[in-house]
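Residues per chain, in single letters:
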Amino acid sequence: AQKITQTQPGMFVQEKEAVTLDCTYDTSDPSYGLFWYKQPSSGEMIFLIYQGSYDQQNATEGRYSLNFQKARKSANLVISASQLGDSAMYFCAMRPYSGAGSYQLTFGKGTKLSVIP
Amino acid sequence: GAGVSQSPRYKVAKRGQDVALRCDPISGHVSLFWYQQALGQGPEFLTYFQNEAQLDKSGLPSDRFFAERPEGSVSTLKIQRTQQEDSAVYLCASSFGATNEKLFFGSGTQLSVL
Numbered sequence: 039a040q041k042i043t044q045t046q047p048g049m050f051v052q053e054k055e056a057v058t059l060d061c062t063y064d065t066s067d068p069s070y071g072l073f074w075y076k077q078p079s080s081g082e083m084i085f086l087i088y089q090g091s092y093d094q095q096n097a098t099e100g101r102y103s104l105n106f107q108k109a110r111k112s113a114n115l116v117i118s119a120s121q122l123g124d125s126a127m128y129f130c131a132m133r134p135y136s137g138a139g140s141y142q143l144t145f146g147k148g149t150k151l152s153v154i155p
Numbered sequence: 068g069a070g071v072s073q074s075p076r077y078k079v080a081k082r083g084q085d086v087a088l089r090c091d092p093i094s095g096h097v098s099l100f101w102y103q104q105a106l107g108q109g110p111e112f113l114t115y116f117q118n119e120a121q122l123d124k125s126g127l128p129s130d131r132f133f134a135e136r137p138e139g140s141v142s143t144l145k146i147q148r149t150q151q152e153d154s155a156v157y158l159c160a161s162s163f164g165a166t167n168e169k170l171f172f173g174s175g176t177q178l179s180v181l
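Chains as they are written, first to last, in the working numbering: chain A, 39 to 155; chain B, 68 to 181.
I should point out that these hints are in silico values taken from the structure, not numbers from a laboratory.
Be careful, since some hints might not be right.
As the list claims (entries may be wrong) - Heads up, simulated DMTMM-like pairs for lysine to aspartate or glutamate below, C-alpha to C-alpha not over 20 Å straight-line:
#	chain 1	residue 1	chain 2	residue 2
1	A	LYS41	B	GLU168
2	A	LYS150	B	ASP130
3	A	LYS147	B	ASP130
4	B	LYS169	A	GLU55
5	A	LYS108	A	ASP67
6	A	LYS147	B	ASP153
7	B	LYS145	B	GLU168
8	B	LYS81	B	ASP153
9	A	LYS41	A	ASP64
10	B	LYS169	A	GLU53
11	B	LYS78	A	GLU82
To be verified - Which bits of chain B does chain A cover? Going by a derived footprint, with three or more residues having C-beta under 8 Å, they are:
#	segment
12	149-163
13	173-179
To be verified - Listed next, with one range per pair, are the computed distances between beta-carbon atoms:
#	chain 1	residue 1	chain 2	residue 2	range
14	A	THR43	B	GLY164	26 to 34 Å
15	B	SER179	A	THR43	38 to 46 Å
16	A	ASP64	B	PRO128	33 to 41 Å
17	B	GLN117	A	ASP93	20 to 28 Å
18	B	SER94	A	GLY90	24 to 32 Å
19	B	ARG76	A	GLN95	21 to 29 Å
20	B	PRO75	A	PRO78	37 to 45 Å
21	A	ASN96	B	PRO75	21 to 29 Å
22	A	SER79	B	LYS169	36 to 44 Å
23	A	ALA109	B	ALA120	18 to 26 Å
24	A	SER79	B	SER72	13 to 21 Å
25	B	GLN147	A	PRO68	37 to 45 Å
26	B	GLY83	A	GLN121	31 to 39 Å
27	B	LYS169	A	ALA39	38 to 46 Å
Glycine residues also receive a C-beta, built at the ideal position from the N, C-alpha and C atoms.
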């Protein structure tokens with residue numbers, strides 16, 4: 039079974055500053071994918087970034103980067119130059135690449151990010 | 068439409084009623100998923116379709132939950148004899164391929180069972 043832990047229920051960041059959202063995971067699968075999704079108040083989950091467990095380099099997508107530390111089982115999201123539109127819930131998720139649950143994303147409980155003008 | 072469309076956006080049901088939730092995925096997307104999101108929690112997997120085949124239904128909470136995608140496009144999640152614990156947001160997501168990592172989610176159906 040997979041488990042995702044997001045220890046920060048809420049975070050505040052000043053506009054234009056960088057912020058790190060924490061995520062740790064637990065799995066016994068040898069290969070897996072790690073994801074971050076954003077959920078604004080409209081309810082729609084928006085894909086932000088993906089990291090494969092065998093990828094050597096940390097993933098980046100525009101202002102988003104994933105700080106992947108495999109030995110520590112952590113996959114923190116870094117948002118640079120925060121904007122007011124970044125205020126939302128952020129979910130870390132993972133999917134194993136083998137076994138019965140290989141189609142299933144397991145999500146954490148989320149972190150609510152508030153960007154202060 | 069350009070995105071994943073779900074209807075209705077809100078549904079209120081009396082305990083014991085049957086409900087049907089509809090999902091229109093992005094045209095041409097092979098994979099379709101249903102997730103359940105309780106208040107203050109992350110989404111939890113319910114079921115997965117690849118075209119019309121339901122390949123994983125291990126997340127369905129009970130035999131009162133049933134999902135179908137008969138022609139490999141539109142999907143319906145049906146809940147029979149609804150109970151209060153079924154109250155949640157039901158999210159549908161689709162992706163282009165069988166192993167595509169990027170899921171596109173709809174805005175969800177918020178189900179309230181009174």
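Hints, one by one, checked against the model:
1. A:LYS41 <-> B:GLU168: It holds: about 19 Å lies between the C-alpha atoms, which stays within 20 Å.
2. A:LYS150 <-> B:ASP130: Roughly 34 Å between the alpha carbons, so the hint for A:LYS150 and B:ASP130 is violated.
3. A:LYS147 <-> B:ASP130: violated (26 Å)
4. B:LYS169 <-> A:GLU55: violated (27 Å)
5. A:LYS108 <-> A:ASP67: holds (13 Å)
6. A:LYS147 <-> B:ASP153: With a Cα-Cα distance of about 19 Å, the restraint between A:LYS147 and B:ASP153 holds, given a limit of 20 Å.
7. B:LYS145 <-> B:GLU168: Violated, at about 27 Å.
8. B:LYS81 <-> B:ASP153: holds (11 Å)
9. A:LYS41 <-> A:ASP64: Since the Cα atoms of A:LYS41 and A:ASP64 sit roughly 5 Å apart, the hinted pair holds (cutoff 20 Å).
10. B:LYS169 <-> A:GLU53: violated (28 Å)
11. B:LYS78 <-> A:GLU82: holds (17 Å)
12. 149-163: With 3 residues closer than 8 Å to chain A, the segment 149-163 of chain B meets the three-residue bar; holds.
13. 173-179: holds (count 4)
14. A:THR43 <-> B:GLY164: 26 to 34 Å: Given a distance of about 30 Å, which is inside 26 to 34 Å, the answer is holds.
15. B:SER179 <-> A:THR43: 38 to 46 Å: violated (29 Å)
16. A:ASP64 <-> B:PRO128: 33 to 41 Å: With a Cβ separation near 23 Å, A:ASP64 and B:PRO128 fall outside 33 to 41 Å, so the hint is violated.
17. B:GLN117 <-> A:ASP93: 20 to 28 Å: This hint holds: roughly 25 Å between Cβ atoms.
18. B:SER94 <-> A:GLY90: 24 to 32 Å: holds (28 Å)
19. B:ARG76 <-> A:GLN95: 21 to 29 Å: violated (40 Å)
20. B:PRO75 <-> A:PRO78: 37 to 45 Å: violated (20 Å)
21. A:ASN96 <-> B:PRO75: 21 to 29 Å: violated (41 Å)
22. A:SER79 <-> B:LYS169: 36 to 44 Å: With a Cβ separation near 22 Å, A:SER79 and B:LYS169 fall outside 36 to 44 Å, so the hint is violated.
23. A:ALA109 <-> B:ALA120: 18 to 26 Å: Once the Cβ atoms are compared, 38 Å apart, the range 18 to 26 Å for B:ALA120 and A:ALA109 is violated.
24. A:SER79 <-> B:SER72: 13 to 21 Å: holds (19 Å)
25. B:GLN147 <-> A:PRO68: 37 to 45 Å: With a Cβ separation near 40 Å, B:GLN147 and A:PRO68 satisfy 37 to 45 Å, so the hint holds.
26. B:GLY83 <-> A:GLN121: 31 to 39 Å: The hint (31 to 39 Å, Cβ to Cβ) is violated, given that B:GLY83 and A:GLN121 are roughly 47 Å apart.
27. B:LYS169 <-> A:ALA39: 38 to 46 Å: 24 Å Cβ-Cβ, so the 38 to 46 Å window is violated.
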